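Student: Assemble chain B with the ligands onto chain A, guided by the hints.
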Amino acid sequence: MTMQNKPVTSASEPTAFKFEWSMISRHGGVVALIAILLFNILITPNFLHPQTLFVNISQVATIAIVAVGMTLVIATGGIDLSVGAIMALSGALAPLIFTSPFAEANPELGLALSIVVPILVALACGVFNGALVSLLNVQPIVATLIFFISGRGIALVLTNGNLQTFTNPAFSYLGTGKILGFPFQGYLVLIIAACVWWVMAFTVFGRQLLAVGGNERAAELSGVPVKRVKIGAYVICAGLSGLAGLIVVAINSASDAARIGNLMELDAIAAAVVGGTLLQGGRAPIFGAILGAVIIQLVKYTLLANGVADEVALIAKAGIIVLAVYVQQARKE
Amino acid sequence: MQHLIEMSGIKKSFAGVVALQNASLHIEPGEVHAIIGQNGAGKSTLIKILTGVYRRDAGEVKINGNPSTVSTPREAQDAGIATIYQELSLVPLRSVTENVMMGYEPRTRLGTIDWKTAHARTREILERFGIHIDVRAQLGSYSTAIQQLVAIARAVSLNAQLVIMDEATSSLDDQEIEILFGVVRELKKEGVAVLYISHFLDELYQICDRVTIMRDGQTVGQRVIAETTKLGLISEMLGRDPEEIEAAGMTGLGGETTEPGRPLFEAKDISTKRGLKSVSLTLREGEIVGLGGLLGSGRTETARALFGMDTLRSGGIQNHVVGGNIRTPAEAISAGIGFLTEDRKREGIVPHMSVRENMTLALLPKLKKMGRVDRKRETELVERFITSLGIKTSGMEQPIRELSGGNQQKVLLARWLALEPDVLILDEPTRGVDVGAKFEIQSIIREYVDKGLGVVLISSEFEELVEGADRIIVLRDGYSITELENPGITEESLIAAIAHHHDEGARG
Ligand SMILES: Nc1ncnc2c1ncn2[C@@H]1O[C@H](COP(=O)(O)OP(=O)(O)OP(=O)(O)O)[C@@H](O)[C@H]1O
Ligand SMILES: [Mg+2]
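Here the protein sequences line up with chains A and B, keeping their order. If you count the first sequence from 1, position 91 lands on 91 in the UniProt record's numbering, and the numbers rise without skipping. If you count the second sequence from 1, position 99 lands on 99 in the UniProt record's numbering, and the numbers rise without skipping.
So here's chain A without its partners, still in its complex pose (with noise of 0.2 angstroms):
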């Protein structure tokens, strides 16, 4: 037989790294962003104030976050609405926790269970959907609109509806620490970034996950557990959005049951899409669900610096989940 094969030997770490910049490139993203900072440097009073660097990697971090796990969960082929509800609900719990007469008496702990209950009980949240989603087979727009409605209902109630301020510089540092000058959510967003990258790329779960999404009838015979590796992704999505909604009360040091996280199931839509992830699954883009969360939180702050109310904001916001989901599909050899 004539043989054409060329057992092309590329390395095999760095490929995994390579992809993902192409891809982000490929989708424009990187473009999108330069231009939007060009607008700004231009137009935008006080844009290149390092406060307002601040202002804006505090505010996109929770995004970010939320992205991360929202681009794992539509790499499954599914979706998830009930971030930002579970985001209240964290956020509801940890002032209770540590404004607790048992917190108070003993901080330490109090500081670490205001932490980690609200986030476990995102967990469990995460393990309803995914076992309504893998096991029951509800559809996941149906399944996750559940606690969409309902999370949010259980926050006010827990808190009686009442805005909870608190003074709490410990919990603070979440949403106000500084590193070297920069806020302490960023290098968080990095790290886990960086961590869930990796485990898609490198582990046997990331590669499932990815298999699950692009043919999960093949995944399946395979013998890939696919019920188990999509409960992962709801899992994952909603623990972080349990952490999201840590930071964005201890930005404010109170805790809103009704707003924390408002809408934050389309931002983490728009930046995962904007990120390069496909609808239909199959791909998880984790930088690119960064990048299109930084280009969400400019387009907005640009929008409300240039004294844009905020319902254009939204349609700007419509406009440019369009414009890169046609990008995705424009694509022709």
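If you are wondering where the hints come from, they were derived from the structure by calculation, not from laboratory data. On a predicted model such as this, the values are computed, not experimentally measured, just so you know. Where hints are given, some of them may not hold.
[Said to hold, decoys possible] Here are the computed lysine-lysine pairs in the BS3-like style, where the Cα-Cα straight-line distance is at most 25 angstroms:
no., chain 1, residue 1, chain 2, residue 2
1, A, K227, B, K189
2, B, K62, B, K116
3, B, K376, A, K227
4, B, K188, B, K230
5, B, K62, B, K188
6, B, K366, B, K376
7, B, K273, A, K227
8, B, K368, A, K227
9, B, K62, B, K230
10, B, K230, B, K366
11, B, K451, A, K227
Tutor: Below, chain B with the ligands without anything else, positioned relative to chain A:
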């Protein structure tokens, strides 16, 4: 006479990798024209350029003497070119009618879809092919073969001047192929040209007028089929001496029938709700057991039951390798059973993933090393299989969807061989694989069998079954009715066994 289709000097590269260089194709009105060539020769790509799926880099395309303006599949259809692709592209969750009428639904005066007419028209189209099915049922509830015929029916119904069939017969049994050939002859009589791609050379002699031969992205010849020999075609296609090919022989599965070893599993009177009534079969180390029967006789269903895809309603499978029951594919795999599916696109490949990732999908748990995939071992293994199976790819990182159909099949076979299973269930293992590679794949399977692998073989090619299997279990309507033993099986005796019991069944 004016050419219906005239393609010349066609070039096409994908991200720098050349798929076509200087390919050409000439089709006369009303002729049945074949394209043959090895896996990856560029047959499907050439067609996709004609039908507007891909854009050509260079070259000329003329339809009826005029430069073609086709740039989307829809435009190709409107220009009278109907296509049935190698990979089925229908919607399994929709009704048969919806699939046949898709995009061309009859409307009522209010502009809504006129379902009554749609169903009636669909029924009429299908009856022309001798298919009598409930057109309101989901397409996915029918076998791959029926789905294939539905795709063909749809294409033919669109008043085409040219009907393209890219490996349309690979999942059909003899009877269905006859139906299809009937339709092809009918089309020809009506003046419709047919472009026919197939790896079954025998078929070409039955219905084709002329054949275009492709090799490595080039058109290397065009012949009047009556003036060729099978061996001549093969040698031109492979670019090798006819003598050399003749010496090698054509089926690689046959071998010394050695004494089979210890039993691997025994299935007794198993039934499932997918139409399996009562099937018994045993498999021992180092033997190939074939499943014979017509389409719908329960061959694939038996495979599904053995692999834990369908739960048993009664009967039992005693597994001597691990013992215990198998309820899911994952359990089957850890019990040392592999299953190469017949439905490559839906149940086999993960299209976005690379050749490497597809090949090691089932093996992943075994490649785990300190929480991560052992990339070094993975790469070595994939490289080894790419070489030993002769997989044509630009590299192991190429997405599998970009490989030609036959090469995808080889990757999937490697997925299972890499697991080093005790039992391998092969459902149409050489479907869509070219003659050269088919021989290689069969030899490789034989090699593993000689080392103790047990194989359950399903094949709609009687030749493969008769020469390859040590025993053949004949199935009918979900029952295993008899068993034939090699040496001694001939195609005639197999057909007789299937037919004989069929007649008997009809009487009783
Ligand atoms: N979308 C694509 N991207 C990259 N390469 C491609 C793409 N489609 C086809 N190729 C490459 O072009 C070559 C020709 O493929 P093609 O599918 O036309 O082969 P074929 O003759 O139809 O083979 P088979 O008999 O296996 O179906 C192959 O090497 C294949 O890898
Ligand atoms: Mg092909």
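Student: Go through the numbered hints given earlier and state which of them the structure violates, listing their numbers in rising order.
Tutor: As far as the earlier hints go, 1, 2, 3, 9, 10 and 11 are violated by this structure, in ascending order.
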